[in-house]
Amino acid sequence: MGKDVISVGGFNRPKLDYLFGLAEEMRKAVRQHGSVKLLEDKVSVNLFYEPSTRTSSSFAAAMNRLGGKVISITDIHSSSVAKGESLPDTIKTLEQYSDVIVLRHPEVGSARLAAKVSNKPIINAGDGIGEHPTQALLDLFTIREKMGTIDGLTVTMIGDLKFGRTVHSLTQLLSLFKVNLAFVSPLELQLPRQLLAEIKTKRRGISIEESTALEKAIGRTDVLYVTRIQKERFSNQDEYEKVENCCIVTPELLRNAKKRMIVMHPLPRINEIDFRVDLDPRLVIFRQVENGMYIRMALLAAVLYRS
Amino acid sequence: MGKDVISVGGFNRPKLDYLFGLAEEMRKAVRQHGSVKLLEDKVSVNLFYEPSTRTSSSFAAAMNRLGGKVISITDIHSSSVAKGESLPDTIKTLEQYSDVIVLRHPEVGSARLAAKVSNKPIINAGDGIGEHPTQALLDLFTIREKMGTIDGLTVTMIGDLKFGRTVHSLTQLLSLFKVNLAFVSPLELQLPRQLLAEIKTKRRGISIEESTALEKAIGRTDVLYVTRIQKERFSNQDEYEKVENCCIVTPELLRNAKKRMIVMHPLPRINEIDFRVDLDPRLVIFRQVENGMYIRMALLAAVLYRS
Amino acid sequence: MGKDVISVGGFNRPKLDYLFGLAEEMRKAVRQHGSVKLLEDKVSVNLFYEPSTRTSSSFAAAMNRLGGKVISITDIHSSSVAKGESLPDTIKTLEQYSDVIVLRHPEVGSARLAAKVSNKPIINAGDGIGEHPTQALLDLFTIREKMGTIDGLTVTMIGDLKFGRTVHSLTQLLSLFKVNLAFVSPLELQLPRQLLAEIKTKRRGISIEESTALEKAIGRTDVLYVTRIQKERFSNQDEYEKVENCCIVTPELLRNAKKRMIVMHPLPRINEIDFRVDLDPRLVIFRQVENGMYIRMALLAAVLYRS
Numbered sequence: 001m002g003k004d005v006i007s008v009g010g011f012n013r014p015k016l017d018y019l020f021g022l023a024e025e026m027r028k029a030v031r032q033h034g035s036v037k038l039l040e041d042k043v044s045v046n047l048f049y050e051p052s053t054r055t056s057s058s059f060a061a062a063m064n065r066l067g068g069k070v071i072s073i074t075d076i077h078s079s080s081v082a083k084g085e086s087l088p089d090t091i092k093t094l095e096q097y098s099d100v101i102v103l104r105h106p107e108v109g110s111a112r113l114a115a116k117v118s119n120k121p122i123i124n125a126g127d128g129i130g131e132h133p134t135q136a137l138l139d140l141f142t143i144r145e146k147m148g149t150i151d152g153l154t155v156t157m158i159g160d161l162k163f164g165r166t167v168h169s170l171t172q173l174l175s176l177f178k179v180n181l182a183f184v185s186p187l188e189l190q191l192p193r194q195l196l197a198e199i200k201t202k203r204r205g206i207s208i209e210e211s212t213a214l215e216k217a218i219g220r221t222d223v224l225y226v227t228r229i230q231k232e233r234f235s236n237q238d239e240y241e242k243v244e245n246c247c248i249v250t251p252e253l254l255r256n257a258k259k260r261m262i263v264m265h266p267l268p269r270i271n272e273i274d275f276r277v278d279l280d281p282r283l284v285i286f287r288q289v290e291n292g293m294y295i296r297m298a299l300l301a302a303v304l305y306r307s
Numbered sequence: 308m309g310k311d312v313i314s315v316g317g318f319n320r321p322k323l324d325y326l327f328g329l330a331e332e333m334r335k336a337v338r339q340h341g342s343v344k345l346l347e348d349k350v351s352v353n354l355f356y357e358p359s360t361r362t363s364s365s366f367a368a369a370m371n372r373l374g375g376k377v378i379s380i381t382d383i384h385s386s387s388v389a390k391g392e393s394l395p396d397t398i399k400t401l402e403q404y405s406d407v408i409v410l411r412h413p414e415v416g417s418a419r420l421a422a423k424v425s426n427k428p429i430i431n432a433g434d435g436i437g438e439h440p441t442q443a444l445l446d447l448f449t450i451r452e453k454m455g456t457i458d459g460l461t462v463t464m465i466g467d468l469k470f471g472r473t474v475h476s477l478t479q480l481l482s483l484f485k486v487n488l489a490f491v492s493p494l495e496l497q498l499p500r501q502l503l504a505e506i507k508t509k510r511r512g513i514s515i516e517e518s519t520a521l522e523k524a525i526g527r528t529d530v531l532y533v534t535r536i537q538k539e540r541f542s543n544q545d546e547y548e549k550v551e552n553c554c555i556v557t558p559e560l561l562r563n564a565k566k567r568m569i570v571m572h573p574l575p576r577i578n579e580i581d582f583r584v585d586l587d588p589r590l591v592i593f594r595q596v597e598n599g600m601y602i603r604m605a606l607l608a609a610v611l612y613r614s
Numbered sequence: 615m616g617k618d619v620i621s622v623g624g625f626n627r628p629k630l631d632y633l634f635g636l637a638e639e640m641r642k643a644v645r646q647h648g649s650v651k652l653l654e655d656k657v658s659v660n661l662f663y664e665p666s667t668r669t670s671s672s673f674a675a676a677m678n679r680l681g682g683k684v685i686s687i688t689d690i691h692s693s694s695v696a697k698g699e700s701l702p703d704t705i706k707t708l709e710q711y712s713d714v715i716v717l718r719h720p721e722v723g724s725a726r727l728a729a730k731v732s733n734k735p736i737i738n739a740g741d742g743i744g745e746h747p748t749q750a751l752l753d754l755f756t757i758r759e760k761m762g763t764i765d766g767l768t769v770t771m772i773g774d775l776k777f778g779r780t781v782h783s784l785t786q787l788l789s790l791f792k793v794n795l796a797f798v799s800p801l802e803l804q805l806p807r808q809l810l811a812e813i814k815t816k817r818r819g820i821s822i823e824e825s826t827a828l829e830k831a832i833g834r835t836d837v838l839y840v841t842r843i844q845k846e847r848f849s850n851q852d853e854y855e856k857v858e859n860c861c862i863v864t865p866e867l868l869r870n871a872k873k874r875m876i877v878m879h880p881l882p883r884i885n886e887i888d889f890r891v892d893l894d895p896r897l898v899i900f901r902q903v904e905n906g907m908y909i910r911m912a913l914l915a916a917v918l919y920r921s
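Chains as they are written, first to last, in my numbering: chain W, 1 to 307; chain B, 308 to 614; chain V, 615 to 921.
Don't read these hints as lab results, they were simulated from the structure. None of the hints are false.
Mimicking DSSO-like on lysine-lysine, the simulated pairs with C-alpha atoms at most 30 Å apart in a straight line are:
| no. | chain 1 | residue 1 | chain 2 | residue 2 |
| --- | --- | --- | --- | --- |
| 1 | B | K310 | B | K485 |
| 2 | B | K399 | W | K146 |
| 3 | W | K37 | B | K344 |
| 4 | V | K760 | W | K92 |
| 5 | B | K566 | V | K706 |
| 6 | V | K872 | V | K776 |
| 7 | V | K706 | B | K565 |
| 8 | V | K760 | V | K651 |
| 9 | V | K651 | W | K92 |
| 10 | W | K146 | W | K37 |
| 11 | W | K146 | W | K216 |
| 12 | W | K258 | B | K399 |
| 13 | V | K706 | V | K617 |
| 14 | B | K344 | V | K642 |
| 15 | B | K310 | W | K37 |
| 16 | V | K651 | B | K344 |
| 17 | W | K146 | B | K423 |
| 18 | V | K872 | W | K92 |
| 19 | V | K792 | V | K816 |
| 20 | W | K92 | W | K3 |
| 21 | B | K469 | V | K706 |
| 22 | W | K116 | V | K760 |
| 23 | W | K3 | W | K37 |
| 24 | W | K28 | B | K310 |
| 25 | V | K651 | W | K37 |
| 26 | B | K509 | B | K469 |
| 27 | W | K202 | W | K15 |
Full structure from sequences and hints, please.
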């Protein structure tokens with residue numbers, strides 16, 4: 001592990017193996033003892049320029065279960081930042097108090113900028129439409145746990161593939177493995193052509209397929225990764241209604257799916273996964289949440305104890 | 308103790324004795340050592356859909372003094388909930404990180420719903436006009452501490468008895484004992500007829516009296532429980548002004564009260580208790596606050612260590 | 615140290631020596647071990663009626679690095695205070711939970727009022743245009759650390775000297791020493807005449823000089839203390855623009871400064887110190903931030919362990 005966690009681009013298979021091994025140790029320890037007192041003398045700052053209860057709570061719980069303390073800064077709009085302070089000044093201030101800074105910021109590249117000016121580790125908790133590496137890492141960790149392997153799997157992603165940074169980051173990580181990728185979305189929300197081209201050029205062992213209907217792909221799918229289509233993306237309400245129902249997962253749909261497959265979602269879900277599916281053991285969305293804490297514990301421990 | 312603390316309806320006299328004994332242990336330990344490290348490996352989530360500095364701080368302090376960590380979620384309106392996530396999804400997410408969830412929610416029944424979907428204990432910190440069980444428990448604990456007993460006491464409740472959930476919950480708990488209840492309020496704000504009927508049918512040993520003037524009742528009162536009349540309850544400003552002053556506690560009024568009696572209030576107070584009364588040792592409003600921490604420590608310890 | 619930290623007026627040279635010695639111990643311990651577990655059984659409440667990310671984070675980190683727990687109350691406007699509760703009631707409530715209260719409040723005198731009604735120590739984290747004693751203490755501590763001494767120094771303060779409480783408090787502390795004070799500001803923003811008169815009468819060993827141009831003073835300056843001129847202070851936009859650039863620190867200006875001198879700022883800075891100056895080792899603004907944590911650790915330890 002390097003000093004910071006900014007992008008999934010920094011990970012290769014050995015680094016992932018190391019991280020996932022550490023996350024498994026964390027899971028074992030938390031289940032047995034509730035906590036692992038590795039960071040008892042450490043303080044993290046959660047600096048969230050955008051609200052994100054889910055991500056900030058997960059990082060806070062991770063730090064707490066490592067014995068560390070957390071300072072949460074979420075009321076940014078009424079703080080010195082609102083008075084016009086630059087991001088570098090804010091970071092160079094907070095690093096004086098803390099051992100690690102977890103940053104969520106609306107602008108692409110902000111985490112990288114923070115890492116550049118900071119002597120303390122920066123963990124990117126989402127930089128606008130850029131990256132959200134810890135989400136992609138917890139997703140991949142959950143796939144590996146549930147399916148036993150990643151090579152050879154058919155991963156089908158549905159929903160908003162154009163704007164969903166989760167999908168982009170996970171796709172990049174998956175392309176380190178020999179996987180079959182199926183992308184299902186309305187035409188308006190297809191995976192960015194540039195990202196598609198990148199995977200195609202760099203990773204020749206990967207099969208890629210795009211379509212607009214889930215029914216065809218569901219039978220071969222090992223991992224169904226569902227994302228939300230946000231109404232806000234559409235200027236035209238008619239357009240939204242046309243696509244809204246293209247990507248809903250129902251018990252009826254899952255009847256045609258493999259017995260051993262999993263349904264994932266980065267949450268929050270609104271109606272993309274029918275609540276009747278909650279009884280289906282193939283739905284692993286809350287396991288993703290649990291694993292998120294272990295992955296974040298592993299990352300915090302790794303950046304604070306690197307040699 | 309069961310898995311959750313949802314309602315005062317779940318308490319009987321043996322359970323109260325157990326809880327109050329535990330709270331006394333907590334008081335002794337905090338006064339001697341500042342803290343009791345029972346929950347050092349535990350994390351609680353304070354999930355407050357409505358702001359309540361007082362209650363959330365009290366729960367946070369209780370958890371902290373047990374050695375545990377607290378994740379406070381209070382910026383609900385800008386979080387995933389605001390994006391339309393269901394309460395069960397939010398609860399099932401947060402229980403992955405935490406060992407217990409303290410929930411304040413504006414809707415009646417929300418705490419019960421949360422307890423149903425959660426594998427981790429839920430403590431109700433107020434569900435709309437429903438219940439606020441920890442407030443009633445700390446009130447009863449304070450009465451028992453200050454008066455030595457509960458049986459035989461005359462408890463007079465004044466103010467807004469119609470909408471005050473504190474009054475409703477405390478009345479329910481008191482009706483487990485042989486008490487005399489006096490309810491003093493404007494006619495518009497009398498105790499709900501249904502609650503009154505319930506107590507009368509179920510608990511035949513209890514004497515009940517209603518009136519609109521405190522002067523008559525004050526002389527026999529052992530416990531005077533004061534609540535605030537909220538302006539917002541009245542559509543008509545004239546109506547409010549008519550009742551506003553019916554239920555103010557002054558030094559003059561207390562001249563006619565017993566030497567050994569107590570004046571309580573769930574706080575915040577505005578002008579229901581004259582500030583000149585602050586010098587009167589019979590006023591125990593800040594002792595209630597202190598006791599609230601011990602009761603919450605006892606509840607947290609009980610739900611996390613039940614056998 | 616007394617029970618509370620309300621004003622710099624309570625400090626004399628022996629008390630400062632004691633405090634700074636303690637802060638140095640804290641620095642040594644934090645650099646070696648990350649934390650000093652002196653307050654493991656203690657809980658502080660950060661009660662901030664005005665937002666101040668910087669100050670509240672610094673106090674939180676200080677408490678955490680002493681092993682203590684922090685309850686942050688910053689959502690005041692939606693809390694019981696907004697329901698009309700008095701400051702004494704809020705303080706008397708929170709002191710039931712906590713061992714020390716750190717208070718930021720918009721009204722002058724609020725910290726003193728809080729200290730009067732509270733049995734627990736109160737630390738003033740800023741009371742309106744009144745005082746912000748911990749800022750002045752960390753400033754003085756930084757001067758002593760960087761310059762080795764305080765007596766004999768020429769301290770030049772620039773910017774808004776009229777409304778800046780930081781300048782007022784620091785000036786008061788500096789006047790305990792034999793210093794030369796130079797005040798540089800637009801005429802509209804000169805140091806209040808009353809404060810100037812006070813220093814002149816009480817402290818005859820101190821030389822004082824006022825001007826409107828930094829160029830003249832820079833050559834003799836040992837400590838340049840820069841503050842921000844807030845646009846909001848001016849009803850007339852033209853007036854603002856006229857003074858805006860009077861007090862900007864640039865690399866060009868610093869060419870005429872001593873080799874061994876320091877440039878300070880209470881932060882946040884907007885454009886008062888040119889970002890090109892960041893490479894100049896004489897800029898100690900982030901060292902001030904770091905020292906702030908040690909000073910606050912020392913104060914917390916002192917008020918909680920006084921004999």
